[in-house]
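**Q** So the chains spell out like this:
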Amino acid sequence: MCQSKFPNPDLPEEKSGSSHSDARRTFLKQSSLLTALALAPSAALKAAELKYEEKVAAVFEQVKVTLGINGKKQKLSVEPRTTLLDLLREQLHLTGTKKGCDYGQCGACTVHVDGQRVLSCLTLAAMADGKEVTTIEGLADGEKLHPMQEAFIKHDGFQCGYCTPGQIMSAVACIREGHADSEDEIREYMSGNICRCGAYPNIVNAIKEVKNGGQRV
Amino acid sequence: MDRVDSRQKVTGAAKYSAEYELPNMAHGILVGSTIAKGSIKSIDTKRAENAPGVLAVLHYQNSPKVPGYAQEAHPTEPKPAGKPLQVFIDNQIHFNDQPIAIVVADTLERAVYAARLVKVQYNVDEHATDFDKNVPKAFLPTAAKRNPKHGLNDYTRGKEDAYKNEALKIESEYVIPTEFHNPMELQSIIAHWEAADKLTVYDKTQAVIGTQNAFAKDWKIPVENVKVIATFVGGAFGNGLHTWPHETAAIIAAKKVNRPVKLMLTREQMFTMVGYRPHAWQKVGMSATKDGKITAITHEAIGQTSTYEEFTESTLQQTRMMYTSPNVTTRYRILPLDVSTPIWMRGPGEATGAFALESAMDEMAYVLGIDPLEFRLINHTDKDPEKNLPWSTKYLKEAMQMGAEQIGWSKRQLKPGQVKNGEWLVGYGMGVGTFGANRGRAKVKATLHKDGTLVMQSATTDIGPGTGTAMVQIAAQNLGLPPEKIVFELGSSLYPPSPSQGGSATVATVGSAVHAVCQTLKQRIAGMVAGNADTSFKGATVENLTFKDGYVSVTASPSARLSFADVLKQQNLPELEVTEESSPDASLRSKYSMYSFSVHFAEVQVHPLTGQVRVTNMVACADAGTIINAKTAGNQMIGGAVGGLGMALTEGGVIDHRFGRYVTKDFAEYHVPVHADAPNISAAFVNKPDLINNPNGTKGIGEIAIIGVAPAIANAIFNATGKRIRELPITPDKLMMV
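First to last, the protein sequences are chains G and D. In case it helps, our numbering puts the first sequence at residues 1 to 217. In case it helps, our numbering puts the second sequence at residues 1 to 738.
No wet-lab data here; the hints were simulated from the structure. Since we're looking at a predicted model, the values are computed, not measured. Mixed in with the good hints, there may be bad ones.
Unchecked claim - Okay, derived cross-link-like pairs now, EDC-like style, lysine to aspartate or glutamate, Cα gap no bigger than 16 Å in a straight line:
| hint | chain 1 | residue 1 | chain 2 | residue 2 |
| --- | --- | --- | --- | --- |
| 1 | D | Lys15 | G | Glu137 |
| 2 | G | Lys154 | D | Asp2 |
| 3 | G | Lys154 | D | Asp5 |
Stated by the list, open to error - Some, not all, of what chain G presents toward chain D, calculated at C-beta under 10 Å:
| hint | residue |
| --- | --- |
| 4 | Ala126 |
| 5 | Gly130 |
| 6 | Tyr162 |
| 7 | Gly178 |
| 8 | Ile186 |
| 9 | Glu188 |
| 10 | Asn202 |
| 11 | Val204 |
For every residue, glycine included, the Cβ atom is placed at its ideal position computed from N, Cα and C.
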């Protein structure tokens with residue numbers, strides 16, 4: 001077992017993204033329990049019954065990661081199978097990033113990782129270790145909205161609002177990538193973000209305005 | 001005006017149903033059946049139960065009982081024509097992916113993993129999911145059989161099937177596949193028993209009060225003990241009009257584990273557990289005179305339903321009232337299959353029916369050699385030929401004229417295949433839509449605070465059209481208060497009752513109640529200033545006062561003015577609260593026929609070698625009464641056009657009949673329109689009030705935005721290519737095979 005997978009004793013508890021925030025506290029207790037298990041194989045028979053498997057999992061199935069989230073460094077302990085999307089929504093309560101399909105088909109979960117647009121549902125949280133993640137909550141400059149957010153409001157680039165964070169994150173990246181030079185190009189490079197309410201023409205107008213306005217995005 | 005909740009929506013602050021943080025919350029994942037018909041032979045949950053973090057695995061053998069489920073109709077009452085699926089009550093399987101168990105764990109990942117460990121064995125029965133093979137089993141809905149006056153009965157005006165004996169006629173069959181709402185937000189619920197008899201749900205629903213009543217009945221607890229929160233709803237298009245099995249499954253689970261349980265359906269489950277627009281077969285026969293007068297229409301439809309519930313919709317309504325034809329026959333049947341029950345999807349029934357009727361109109365016009373716009377104008381009706389009543393308002397001709405100009409209808413050639421753009425064939429088409437200008441009963445509470453701000457509350461929802469924004473604007477106009485001083489709160493059962501957000505009725509219904517509270521507030525303010533020490537207000541009534549910018553003044557001498565805040569201060573009132581209910585006037589509804597109307601124009605380009613279709617321009621025009629907010633209303637029309645584009649070109653559910661299971665189960669196989677599919681779309685409104693319908697003069701937009709879009713595109717494709725495709729979606733393979 002790789003040492004780095006153990007919970008970090010230096011990690012302040014309130015920063016832990018895991019819902020098993022008591023993992024560190026119980027670690028010593030459980031490791032002695034594991035020793036006992038190893039020494040007395042017959043005890044393993046009872047393991048399932050006593051939910052030892054669960055306790056073992058809680059200790060070992062955690063990966064230590066350090067993420068920059070919206071400019072703030074966070075040291076977290078996550079399960080290897082946890083997606084960046086579920087880490088954001090379920091553990092960090094940053095619910096602005098939306099789950100629309102979990103297959104990378106709808107774009108509602110789009111965030112920026114090191115400045116690139118990324119589908120957070122197809123990204124394991126562990127893969128984002130050491131990277132900078134920007135979500136919709138981190139796009140505005142305090143109370144001052146990002147120009148793309150302003151443009152979406154002005155052009156009514158949404159109805160229900162559920163795909164909106166993903167559309168906006170994608171739209172910002174679309175301009176940064178240099179893929180917003182014409183309406184057709186915007187449509188092509190925004191096609192990974194589905195809007196079932198069908199506000200597409202308004203979204204295209206919003207992106208065009210920001211692009212033509214020349215503001216820094 | 002921008003949406004009142006736009007800042008929340010662009011910053012991620014808007015909270016949808018799965019996004020509330022509750023202490024000690026557990027996660028539920030549903031296990032679905034893998035057969036379409038039969039029964040569960042055995043269910044092995046041991047491995048799932050022993051998986052890390054699992055709190056419970058519930059199914060028909062061990063689920064807590066829902067007390068309301070046991071309640072059967074009194075023996076003397078007629079047997080109901082089916083009932084909604086009840087979860088975990090027995091081992092019977094009615095459709096593929098029917099929820100048969102819920103796994104609850106302390107984290108989402110653990111619940112997802114453990115759900116895969118549930119092993120089920122089945123006794124498999126032969127299923128029937130193939131519409132075409134089972135058509136002979138279609139029948140008249142029970143509701144129509146029991147009541148000869150029911151609107152779903154066969155209908156004849158004039159002579160039955162009169163088109164058959166006419167010389168100039170068409171007869172065509174049309175098919176639409178099953179289509180899925182697929183709002184971007186997955187159907188989600190957080191169920192929280194705050195006490196043994198006190199339930200709170202954060203639920204994705206269009207019906208706050210309907211959901212509250214349903215759960216109170218299910219759990220046999222007082223209605224006021226059920227709290228329903230639906231502040232933001234991430235789209236629904238109809239699938240939030242029903243309470244679904246997954247909601248009850250989450251509530252059962254929360255009861256069992258005694259913790260709040262969050263359940264979010266997967267995208268696959270959105271195809272099987274929350275309804276859909278049913279597969280439908282239709283046939284239209286139509287005849288006309290040489291100079292374009294329709295002499296007869298016969299329109300028949302068969303719509304799919306489930307084996308356990310009779311789902312019906314008004315597929316044939318538009319045919320009965322849209323054109324002057326003296327002879328009209330309609331026949332409607334439903335076909336039960338081993339599938340889940342459908343639910344109304346945007347423009348329910350009418351969108352399906354309009355595809356057939358408006359395609360047939362185009363076919364008939366082509367046979368006659370008359371421009372299809374001209375053909376519709378020739379058969380325009382100035383009164384409702386079905387009810388034999390005048391329209392409350394109808395400005396469809398104006399809408400047609402606006403749209404024809406904007407799309408450049410004059411470029412259209414009567415003969416198909418004449419207009420080209422390089423290799424591409426260019427075509428123009430149109431389709432008309434209509435939907436009842438419905439209005440229900442709603443209550444709004446308004447509180448004018450001493451700082452001059454107004455807070456209104458009603459238990460309606462906003463699935464995207466901008467309900468709160470429209471209500472704030474109505475109040476601003478009626479009370480004379482700047483909109484930034486007004487707040488409209490919705491989406492909670494703690495607020496005064498309002499019907500579900502459905503049937504394009506919200507602005508007419510809730511807006512009328514907002515109008516009413518504003519009138520009452522003005523009267524109360526008038527009463528206060530009339531008795532004021534300031535004698536210039538002496539004898540003031542609402543009629544001789546002006547309410548503007550948060551001030552009340554005497555119209556004849558405007559220098560005498562007081563802010564609303566000062567009026568309250570003078571009365572020593574911390575606030576002024578009024579609640580008003582508003583209902584439609586039944587006597588007017590018996591004197592007038594009330595409908596919204598739309599007309600859609602499409603310009604398409606079709607590649608003759610590949611059959612690829614590009615919609616290059618669309619114009620959506622509506623007679624929807626007064627437009628409260630041109631920006632949000634226009635957006636709704638545009639969105640409906642995009643939805644109709646999906647209906648016409650990309651969307652269709654496909655079942656593998658060997659297993660009775662959908663192979664279209666996510667966005668990779670079920671194609672909803674994306675940015676690249678959607679052209680520039682303009683929306684235009686006649687914007688003339690219908691004051692017979694309601695005091696704000698509004699008529700609904702939601703449904704007419706999509707009704708008539710699919711035929712407009714199909715007709716444009718015909719105009720481009722000469723190929724008439726009568727089965728949606730019009731994919732390149734269909735165009736190449738003709």
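**Q** All hints, please: hold or fail.
**A** Cross-check of the supplied hints:
no.	hint	result
1	D:Lys15 <-> G:Glu137	holds (13 Å)
2	G:Lys154 <-> D:Asp2	holds (7 Å)
3	G:Lys154 <-> D:Asp5	holds (13 Å)
4	Ala126	violated (13 Å)
5	Gly130	violated (22 Å)
6	Tyr162	holds (3 Å)
7	Gly178	violated (17 Å)
8	Ile186	holds (7 Å)
9	Glu188	holds (6 Å)
10	Asn202	holds (6 Å)
11	Val204	holds (7 Å)
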